[in-house]
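J.: Taken in order, these protein sequences are the chains called A and B.
Quick note, in my numbering, the first sequence goes up one by one and the last residue is 222.
Quick note, in my numbering, the second sequence goes up one by one and the last residue is 1244.
Hints in this document: simulated from the structure, not taken from any laboratory.
Hints are not guaranteed to be accurate.
What the hints assert, rightly or not - Some but not every residue of chain B turned toward chain A, in silico, with C-beta under 7 Å:
hint	residue
1	1025
2	1026
3	1077
4	1098
5	1100
6	1102
7	1125
8	1127
9	1173
10	1174
11	1178
12	1224
13	1237
Note that the Cβ used here is the ideal one computed from N, Cα and C, for glycine as well.
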Amino acid sequence: METKDAIARRAALELANGEVVNLGFGMPTAVANHIPEGVNVILQSENGCLMFGPTPALGEQDGDVANAGGQPITLLPGASIFDLATSFGIIRGGHVDTTILGALEVDQEGCIANWAMPVAPGKYSPGMGGAMDLVGGARKVVAVLQHADKKGRSKVLKKCTLPITGKGVLKTIITDKAVFEVTPTGLVLKEIAPELTVDELKAITDADFAVSQDLCEYRLHS
Amino acid sequence: MDKVRQLDDIIAGIKDGATIMFGGFLGVGSPLKSIEKIVASGVKDLTVVSVVNSYPGGGFDLAPLFKNRQVRKFVTAHTGTCPEAVEAMKAGDLDVDFFPMGTWIEKVRAAGAGLGGVLTPIGLGTLVEDGKQRLEIDGKSYLVEMPLRADYGFIAGYRADTMGNVEYRGVSLNSNPVIATAADFTVAEVNEIVEVGGIDPSRVGTPCLFVDAVVQGHSFAEHQAVFERLWVSTGRLAAPATAA
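Produce the entire structure from the sequences given, and follow the hints as far as they go.
T.: What follows is the structure, given as structure tokens:
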């Protein structure tokens, strides 16, 4: 299975019935395709709607109905629309149950870095968008990312090297190799890819982690 | 109380160095005609205030302003969708002030609502905190974020009456109702201008007192066609089947 697809499938298992959920861009968007049968969530789009559905067919679109990526969406029965102040009141005010966000780096203190790529000394692109609000306001923050970068270097770190999006905000880290819970005493390994032993995982992970007594194989189904 | 104006007359009054706030979110709910005319006017050294930048990939809505180097400073939550702006940043031609999106909108709201600033926990412990006052209240920490206003606010709506009451439509209201409150001169670009009484009061999203001028944007039919072309050309809607 393609690793990004596995991550999205695993991340979908974090969602519970009835939750208000905000999915970030990139890998998290794909999570919507894997939400388990019987789990109904209320998806929020930060540009100002609740209960959006799939991309419309050509001819069914509306130039005034788009998601936070500027792309056409449909609205489901029960949808609602609001301005940005309300949308971020929802986010910052603790009314979002779970957010799943892509990350450039995460660390063992529960920090996530996903907004700043240096383009010149002291200058960053692309910007944090709504990510800082989400990590600060959502009740449960899940980071999804590849375990290693293209050069094989761990992205699960002792300490983030890029400017962080939020300090100590993560509850769960999902990579293509493992699932970690972030606890006050550090990371706890909960699930591991079937091809790896714990020692092999340690060898490819910069962060320190403890191993859960309930350690199990990486889950793709509930 | 007829506030209907010619867009060209308003644009002609904008001076180099002005601060302009634009409603819209990646082109959706953006005052597209106003932006086009500001680009064509060549006005420069602008401070542009917009919650995000252009439709992803550039070339649409705000992107030409950055391509032409008409913007000196950009106050936003995100600029990565606009290659033209990223290029200007790299070249040192553009300063960008980043704020978390929820903070950005509250700063604008504060300016329009007569508040001296906003207290928010968002951004604590990050670069956003640099140079800002931190307050402890009831054992919790907050950053003090100052109001954000502009000389001009350009908003986009579905319809306006000639007094300036604006009706929004769909998920395109985004930053528009808040921006309307926070500029010295607010221009509402709409698809349709109707007589006073033509909008149900319960459908007014921005009351007329916030609006200084109403201008005709794309007709509703053209507005829909613009987005169909945009979304088809960027692969977001399936292209029409061509006859074999």
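J.: Look at each hint and say if it fits the structure.
T.: Cross-check of the supplied hints:
A hinted interface residue such as residue 1025 of chain B counts as satisfied when its beta carbon comes closer than 7 Å to some beta carbon of chain A; here the least separation is about 5 Å, so the hint holds. This hint holds: residue 1026 of chain B has a C-beta 3 Å from the nearest C-beta of chain A, less than the 7 Å allowed. The interface hint given for residue 1077 of chain B holds, since its Cβ lies 5 Å from the closest Cβ of chain A, which is under the 7 Å cut-off. The closest approach between the C-beta of residue 1098 of chain B and any C-beta of chain A is roughly 5 Å, which is under the 7 Å cut-off, so the hint is satisfied.
For the restraint placing residue 1100 of chain B at the interface with chain A, the shortest Cβ-Cβ distance is roughly 4 Å, inside the 7 Å limit, so the hint holds. Of the supplied interface hints, the one on residue 1102 of chain B holds, with its beta-carbon coming within about 3 Å of a beta-carbon of chain A, less than 7 Å. Annotation: interface hint on residue 1125 of chain B holds; nearest CB of chain A at approximately 4 Å, less than 7 Å. The interface hint given for residue 1127 of chain B holds, since its Cβ lies 5 Å from the closest Cβ of chain A, which is under the 7 Å cut-off.
For residue 1173 of chain B, the interface hint holds, the least distance from its beta-carbon to any beta-carbon of chain A being 5 Å, beneath 7 Å. Interface restraint check for residue 1174 of chain B: the shortest CB-CB distance to chain A comes to about 5 Å, inside 7 Å, so the restraint holds. Look at residue 1178 of chain B: its Cβ gets to within about 5 Å of chain A, closer than 7 Å, so that hint holds up. The beta carbon of residue 1224 of chain B comes within 5 Å of a beta carbon in chain A, closer than 7 Å, and the hint placing it at the interface holds.
Because the smallest distance between the Cβ of residue 1237 of chain B and any Cβ of chain A comes to about 5 Å, under 7 Å, the interface hint for this residue holds.
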